[in-house]
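Position in the sequence shown (first residue = 1) + 18 = the numbering used here.
Simulated from the structure, these hints should not be mistaken for lab results.
Glycine included, C-beta positions come from ideal geometry on N, C-alpha and C.
Among the hints, a few may not be true.
To be verified - Here are the simulated lysine-lysine pairs, BS3-like style, with alpha carbons at most 27 Å apart: (1) LYS293 x LYS275; (2) LYS324 x LYS306; (3) LYS295 x LYS275; (4) LYS275 x LYS306; (5) LYS113 x LYS194; (6) LYS309 x LYS324; (7) LYS194 x LYS306; (8) LYS194 x LYS324; (9) LYS309 x LYS275; (10) LYS295 x LYS309; (11) LYS113 x LYS309; (12) LYS113 x LYS275; (13) LYS309 x LYS299.
To be verified - Distance ranges between label pairs, derived from CB positions: (14) ALA217 x LYS309: 36 to 44 Å; (15) LYS309 x ASP39: 30 to 38 Å; (16) ASN229 x ARG140: 14 to 22 Å; (17) ASN89 x PRO110: 29 to 37 Å; (18) GLU161 x PHE115: 17 to 25 Å; (19) SER304 x ALA164: 16 to 24 Å; (20) ASN89 x THR329: 35 to 43 Å; (21) ALA276 x GLU65: 20 to 28 Å; (22) ARG69 x ARG138: 23 to 31 Å; (23) THR329 x SER304: 21 to 29 Å; (24) ASP71 x ASP29: 22 to 30 Å.
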Amino acid sequence: MAINVLRYRTDGDPRWGVARDGRITPIPGEYATTADLLRDGRGAAREAATRADTPTIGEGEVEILSPITRNQQFVCQGVNYRDHMIEGGLDPDAKTFNMIFRKASSCIAPPSTDIVRPARVRLLDYEIELGIVLGREITGPVEVTARNLHEYVAGLVMTNDVSARDIQIPEMQFFKGKSFRTFGPTGPYLCLLDAEDFARIPSLRLELRVNGEVRQSAPAGEMLVGPAETLTELSEVMDLFPGDLLATGTPAGVALKAPPKPVVLIGNFLPERVKWKLFVKGQLRSPKYLKPGDEIRSTIRSEDGKIDLGTQRNRVVAAGAKEAP
Numbered sequence: 019m020a021i022n023v024l025r026y027r028t029d030g031d032p033r034w035g036v037a038r039d040g041r042i043t044p045i046p047g048e049y050a051t052t053a054d055l056l057r058d059g060r061g062a063a064r065e066a067a068t069r070a071d072t073p074t075i076g077e078g079e080v081e082i083l084s085p086i087t088r089n090q091q092f093v094c095q096g097v098n099y100r101d102h103m104i105e106g107g108l109d110p111d112a113k114t115f116n117m118i119f120r121k122a123s124s125c126i127a128p129p130s131t132d133i134v135r136p137a138r139v140r141l142l143d144y145e146i147e148l149g150i151v152l153g154r155e156i157t158g159p160v161e162v163t164a165r166n167l168h169e170y171v172a173g174l175v176m177t178n179d180v181s182a183r184d185i186q187i188p189e190m191q192f193f194k195g196k197s198f199r200t201f202g203p204t205g206p207y208l209c210l211l212d213a214e215d216f217a218r219i220p221s222l223r224l225e226l227r228v229n230g231e232v233r234q235s236a237p238a239g240e241m242l243v244g245p246a247e248t249l250t251e252l253s254e255v256m257d258l259f260p261g262d263l264l265a266t267g268t269p270a271g272v273a274l275k276a277p278p279k280p281v282v283l284i285g286n287f288l289p290e291r292v293k294w295k296l297f298v299k300g301q302l303r304s305p306k307y308l309k310p311g312d313e314i315r316s317t318i319r320s321e322d323g324k325i326d327l328g329t330q331r332n333r334v335v336a337a338g339a340k341e342a343p
């Protein structure tokens, strides 16, 4: 049975608890990081989920933190949904590799954090993503399959791969354009899975709204390269540890749109500075880019409700903006 755990704070140090029906059952023990919880606290979490005699706390009574702590690695897949590739001007039928990049772990933020738009950024975009959370250390090549995926993955989270397109694309800086502080709201829940729960992953629906308007809505089953294949590939490249986060790409509906092909062809003959200035100018015509005051609401859940990663609510604020009294 899938269970939701969250990380929260009342007055003192962060604690972990099992979340159910808006109430939190504290998990006994101290776990400083996501890795600590997954290594040493999964049994305690499942025990807490079955106890009915333990006092609970309302989710509204605490500060909810990201269930992924900032010591963990944040690895991402890019252009991993067919329709998202098309809206980006790419041919999904010509895809020959799995695009991988990193975000700075310091961008990881609570699920209801204000997203800060840096002063230099004009093209601020959203990307709801299903996050795979490692439950086992990988320090060499392994073959991960649908049958043994549960041996390597502890659970799932929701994350938003917030992106500054005017840095990511003209400067060819994925890491910098996606790693500003607050550019990775994560949670609220880390959903710990049993082996039988993994079959539900393709049916999970990702949905993101801006100011009440649905911008993104698609099932996770539309991924082009799944978690098992991606972990197999990553195992040949890097070490992975319990609690590390793999964001599996975003569906169509982002603000970024590829320029028409004739414009792209003409741009190939222009000086780089002129080409990218025109790119930014063209993108600024879109009303979909995030502005201070915009409100984002994101959910990922299965149709039967067996897996529900909670709700993110984020407000966009300008860098240096003061909170209202």
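Legend entry - Numbered hints the structure breaks, given as an ascending list: Of the numbered hints, 2, 6, 8, 11, 19, 20, 21 and 22 do not hold.
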